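Under our numbering, the residues of the sequence shown are numbered 239 to 394, in order.
Treat the hints as calculated values from the structure; they're not laboratory data. This structure is a prediction, so every number in the text was calculated from the model and none was measured. Among the hints, erroneous ones may be present.
[Unchecked claim] Okay, the calculated beta carbon distance ranges per label pair:
no.	residue 1	residue 2	range
1	Met394	Ser336	24 to 34 Å
2	Ala312	Met373	13 to 23 Å
3	Ser361	Asn292	15 to 25 Å
Note that beta-carbon positions come from the ideal geometry of N, C-alpha and C, so glycine has one too.
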Amino acid sequence: MAENLTNKSEAQIVIFTLNQQQYGVDIAQVYEIIRMTDITKIPNTPYFVEGVINLRGKIIPVIDLRKRLGMPEAERDKATRIIVVDVDGITVGMIVDSVMEVFRLNDVEIESTPSMINDIDSSFIQGIAIKDERMIILLDLNRVLKGEEKEALANM
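Please construct the entire structure, taking both the sequences and the accompanying hints into account.
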């Protein structure tokens, strides 16, 4: 994330679900959350890029976060959302199963990342938060996309 969550005394986290697991991202990187909308397909893009959307006159590339994290595809429904985020200065939409809530996270609730969790590359994970007996995987959005992938999205 833009700033390591474990270095913040109290960060606000947007909690969303993928494959029945809760994930969190720093709200400082979130521009907005929108309902699923029509996505225009773009040829010759990485497998996880769904296409682009027009958000108030701005063209935004959209990725399927399930695909990027190596999860099985799922049918989209009324709960499906696109979280519009900043990834190293690039505006990107991320399709997630649902958005649950925003809450404050204290350092004492953050634990280090196990080497492998839920078959997701641990380099994408900044830590594990325990909140009210729930385990929330904190994603590092700046690591979810590789350099050449970020460049490809920036040029869309």
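Status of the hints after comparison with the structure:
For Met394 and Ser336, the Cβ-Cβ distance of about 26 Å falls inside the hinted range of 24 to 34 Å, so the restraint holds. Roughly 20 Å separates the CB atoms of Ala312 and Met373, a value that falls within the hinted 13 to 23 Å. Between Ser361 and Asn292 the Cβ separation comes to about 32 Å, which falls outside the hinted range of 15 to 25 Å.
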